Amino acid sequence: MFGLSKRKTLGQVHQILRKRFCHQQLPDKPEGVEAQHKHLAELLKRTAVHGESNSVLIVGPRGSGKTMLLRSVLRELSQETEVQKNLLQVHLNGLLQTDDRIALKEITRQLQLENVVGDRVFVSYDCFELRK
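Once you know that position 81 of the sequence shown is 81 in the UniProt record's numbering, the rest is easy, because the numbers rise by one and skip nothing.
If you're looking for bench data, these hints aren't it; they were derived computationally from the structure. Remember, predicted model here, so these are calculated numbers, not experimental data. Here a beta-carbon is modelled for each residue, glycine too, at the ideal position from N, C-alpha and C. Incorrect hints may appear among the rest.
[As the list claims (entries may be wrong)] In silico EDC-like pairs for lysine to aspartate or glutamate, Cα to Cα no more than 16 Å straight-line:
| # | residue 1 | residue 2 |
| --- | --- | --- |
| 1 | K66 | E31 |
| 2 | K45 | E106 |
| 3 | K66 | E106 |
| 4 | K45 | D99 |
| 5 | K38 | E80 |
| 6 | K45 | E76 |
| 7 | K38 | D99 |
| 8 | K29 | E76 |
[As the list claims (entries may be wrong)] Using C-beta positions, here's what the derived DEER-type ranges look like:
| # | residue 1 | residue 2 | range |
| --- | --- | --- | --- |
| 9 | Q110 | I58 | 17 to 25 Å |
| 10 | T81 | H14 | 31 to 39 Å |
| 11 | R18 | P61 | 22 to 30 Å |
| 12 | N54 | K6 | 25 to 33 Å |
| 13 | Q112 | L70 | 19 to 27 Å |
| 14 | V13 | R71 | 39 to 47 Å |
| 15 | M68 | L96 | 15 to 23 Å |
| 16 | H14 | R109 | 33 to 41 Å |
| 17 | K38 | T9 | 20 to 28 Å |
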């Protein structure tokens with residue numbers, strides 16, 4: 001009987017770790033970065049609500065919680081109606097989007113703006129480049 005309970009507990013621990021490692025579940029509030037969490041949340045909220053032009057650079061060693069902090073703040077802000085209607089997320093990877101042109105192409109794709117940029121309409125960046 002004890003072995004079954006131990007196995008069940010171990011299975012639950014494995015499930016929790018798998019969710020955390022696969023980014024399926026974040027802690028409600030990351031511990032130890034409360035000040036950074038508050039500052040980032042305020043900055044992003046002002047950007048979304050008031051249209052401030054802010055930039056954020058989050059630096060730290062690999063595995064220090066940079067992505068977790070950002071995802072936690074975005075999850076929190078996405079619950080606020082005034083932020084929700086003005087905030088769009090674009091995910092870029094520095095290993096894939098290696099220059100500005102590739103990054104802009106990916107931003108355009110994610111925002112579904114392939115056919116409209118300013119007052120010009122075109123099919124894709126590839127076609128736009130051919131017109132130069």
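Hints versus structure:
1. K66 - E31: holds (12 Å)
2. K45 - E106: violated (24 Å)
3. K66 - E106: violated (22 Å)
4. K45 - D99: violated (28 Å)
5. K38 - E80: Cα-Cα ~15 Å, so holds.
6. K45 - E76: holds (10 Å)
7. K38 - D99: violated (31 Å)
8. K29 - E76: holds (9 Å)
9. Q110 - I58: 17 to 25 Å: For Q110 and I58 the Cβ distance comes to about 20 Å; the hint holds.
10. T81 - H14: 31 to 39 Å: holds (38 Å)
11. R18 - P61: 22 to 30 Å: Holds, since R18 and P61 (Cβ atoms, about 24 Å apart) stay within the stated range.
12. N54 - K6: 25 to 33 Å: violated (50 Å)
13. Q112 - L70: 19 to 27 Å: Holds - the Cβ-Cβ distance for Q112 and L70, about 23 Å, lies within 19 to 27 Å.
14. V13 - R71: 39 to 47 Å: Violated - the Cβ-Cβ distance for V13 and R71, about 23 Å, lies outside 39 to 47 Å.
15. M68 - L96: 15 to 23 Å: Holds, since M68 and L96 (Cβ atoms, about 21 Å apart) stay within the stated range.
16. H14 - R109: 33 to 41 Å: holds (36 Å)
17. K38 - T9: 20 to 28 Å: Violated, since K38 and T9 (Cβ atoms, about 35 Å apart) do not stay within the stated range.
Violated hints, listed in ascending order, are 2, 3, 4, 7, 12, 14 and 17; each of the other numbered hints is respected by the structure.
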